[in-house]
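Asker: Following the hints, put chain B in place on chain A, whose structure we already have.
Listed in order, the protein sequences are those of chains A and B. Quick note, the first sequence lines up with residues 5 to 438 if you use our numbering. Quick note, the second sequence lines up with residues 5 to 438 if you use our numbering.
Treat the hints with care, as some may be off.
Heads up, the list lumps identical chains together, so a pair's fine if it works in one copy or across two of them.
Unchecked claim - Below, in silico cross-link-like pairs of lysine to any residue (SDA-like), each with a Cα-Cα straight-line distance of 20 Å or less:
| no. | residue 1 | residue 2 |
| --- | --- | --- |
| 1 | Lys86 | Glu51 |
| 2 | Lys115 | Ala236 |
| 3 | Lys298 | Asn334 |
| 4 | Lys115 | Ser203 |
| 5 | Lys193 | Glu64 |
Just so you know, the hints here were simulated from the structure itself, not pulled from any lab data.
Number of protein chains: 2
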Amino acid sequence: MKIELISIGSELLAEKVNTNINLLAEKLATIGLAISRQITVGDNPEEIRQVFTESLARAEIVISTGGLGPTFDDYTRGTVAKVLKKKLVFSREVLGAIVRHFAERNIEMPKENEKQAYILDGAEVIPNKIGTAPGQIITVKRVKCKVKSEKLRESSTFHIPPSTVVILLPGPPREMLLMLEEKVIPYLKEKYETGLTRSVTLHICGLPESEIDEKIHPVLEQEKKTEGLKFALIAHPGTVDLRITLSGGDQMLLEQILKKTKNEIYEILGENIYGEDGQTLEKIIAELMLKKRKTLAIAESCTGGLLGHRITNISGSSLYFKQGVVVYSNESKIQVLGVKSETIEKYGAVSQETVLEMARGMKNLARTNCVLAISGIAGPTGGTEEKPVGLVYVAVIIDEKEIVQEYHFLGSRLEIKEKSITTALDFFHRELLK
Amino acid sequence: MKIELISIGSELLAEKVNTNINLLAEKLATIGLAISRQITVGDNPEEIRQVFTESLARAEIVISTGGLGPTFDDYTRGTVAKVLKKKLVFSREVLGAIVRHFAERNIEMPKENEKQAYILDGAEVIPNKIGTAPGQIITVKRVKCKVKSEKLRESSTFHIPPSTVVILLPGPPREMLLMLEEKVIPYLKEKYETGLTRSVTLHICGLPESEIDEKIHPVLEQEKKTEGLKFALIAHPGTVDLRITLSGGDQMLLEQILKKTKNEIYEILGENIYGEDGQTLEKIIAELMLKKRKTLAIAESCTGGLLGHRITNISGSSLYFKQGVVVYSNESKIQVLGVKSETIEKYGAVSQETVLEMARGMKNLARTNCVLAISGIAGPTGGTEEKPVGLVYVAVIIDEKEIVQEYHFLGSRLEIKEKSITTALDFFHRELLK
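Isolated chain A (complex conformation):
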């Protein structure tokens, strides 16, 4: 089944990063559905019209995000109405919800927001509980179009579905996500869930993508033998994901093959796999720390606070994470953590010796069981021949155990920060497991 996602908004073709694709993909995957194509267009009625027309000719499900706002450059409602040849109907109920939204926040409703109370004739309204633009679901008959050209027949209209579900969602991720969870996914699940696709993603740390590829090559050879079995490698800063997808056959068989394949990969990559699917290093560490009743403090230099940010993205992290310091200057390393000035003079601020003294100082200060400390050169300036940009030291203390590791990362300032954090968390996780 073909599912196409149309993302609408000039900002998405400029500076704004489109995370709605990933949010949608994640939710669809829970019912065995996958996006086959995603198209982004600006706030341009003509482009929007073309893209909807084309997607309607190809896909069973067309989902759009954005362009439902109240402002001058929101064109989705009107354009889709034209493409589908549907009227826009005023909904007293929707207007009531919008009026209430503003009243609850003690804000006078701007006149512009009235636009948002118009609904495609025949569409089901998806209420917006946290914003103003409602979502809409409508099912339309197949788009008729005779195509003579061989090229275009092949390229876009070979497969013409009998009917298409069109779902319009607002652009703000929080609003879109709530509508997905409460309405869209249950709706699609009832209508389309095949139950015949299963997938698992393995998160890998400590090996480069090409080395993983080489190591798992024998298992990849199965792809050719087992119908419907697919592998994909996805590199992130500091980690690589291996996604195994299997479709077709009955459910028992799917689960069996998937489990067997997964076990084979585990045998090859071993402890380099730190988690599966929705697990992240910070989540796994949080669970382990709570289970082991340990507490953590951190000392960061080159990562500037990003380690603390990652750790505290987990709700409830305050149960084990007690405090952190960002000791950016040498003086603060000395004054706050008691690093000896001779150590910095002799070995440098980026050295095994300094990072270990940072970690020990943090342990004295915070009295936690565990400490994680990072010192390095994030660049692009500040590197030397002896200590190049990307040189990073990480110290881990768990109770009486103290270990320091040296790493060399490539990339931009931000990439080096991100790789440092992920690698440090992976290092800490492995030591926690020992």
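Answerer: Positioned in the frame of chain A, the structure of chain B alone reads:
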């Protein structure tokens, strides 16, 4: 002129966020070019073939990213060769560069990487200085296709360019960006720069999107009068961008109208505009701090380190940013910053009183001129009726001046963290300017 971007990679239709769109858009904008459509497809040769065929029928410039890697799921080279009816030719020179890439890193070259030395017949190679896959540029004649259907004629093939430039770039952002800067942008500039589009983006903080829309409505009315003048509002966590674009006419006139429009917006929004184009709050603050020879220390609670991360994303921030603490527990607030336990008992950890004592404690500890402190409830748990999720206090100290502000933010844990940081930086920036 139509420019289409094809993003290739199953991970982009799953968990990986596609930032290449934004990087490309930013670079193209510098020579007055804009992406008109962006399409994402998975690692699926048939989808890749369809998408290239369609884009070639619409656009003058087709740029793809991804699918040039050495692994089993990289299909771009082979598929584009089929679509363009070009042979893939082995390049001894490219293989030499790949071999050197591995030799310099003391890694044995995996056999898989040989694939990357094959180039479309007639294409210009873009060397990859930091990775292995080279980029490619090739100009092809117009795609002939007769279309009988009115619908499809309208929707996708009305405009057929006489020739199309096809540019294949690797997916890793760092590699893609370097190729853009060194080769692709200079190449397109020479060939296509019109010099007839100018745009400016104003960054706004402290006002919601709909209020900005209402305030600038009189200026927006100009859009209808002045041909080629366009406005777009783009909301980010804590900030809104207003992009003004003007095209057509001669350069002097463009600059004049743009300046006049910008001034009108400044008169309405005043100090809510903190910067333009590439400026960010952290960059502007860094410049001001260095100019005023001031130093900064920070104390964070609910933001967990994200404030330090944002500040230290600026290379050279160590010249003014001295240290930070993440005082996540009450004990650390008391012990590290000297917050009185009575203050926390009486007013709570999230209160005007506590955040001010945090800031004062940080100033005593770090002996900097300036301090920024944040305490709040990022949620989703931990809120009460009196102190709901999203309640955030920010304290600013600049020399003898001490000010505390209260904010209420909506959103997810991450959004509340991000809004807190942006708002705190904006608050600090305004006080610095006074």
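Asker: For each hint given before, does the structure comply? Return the numbers of the non-compliant ones in rising order.
Answerer: Result: hint 4 breaks, nothing else.
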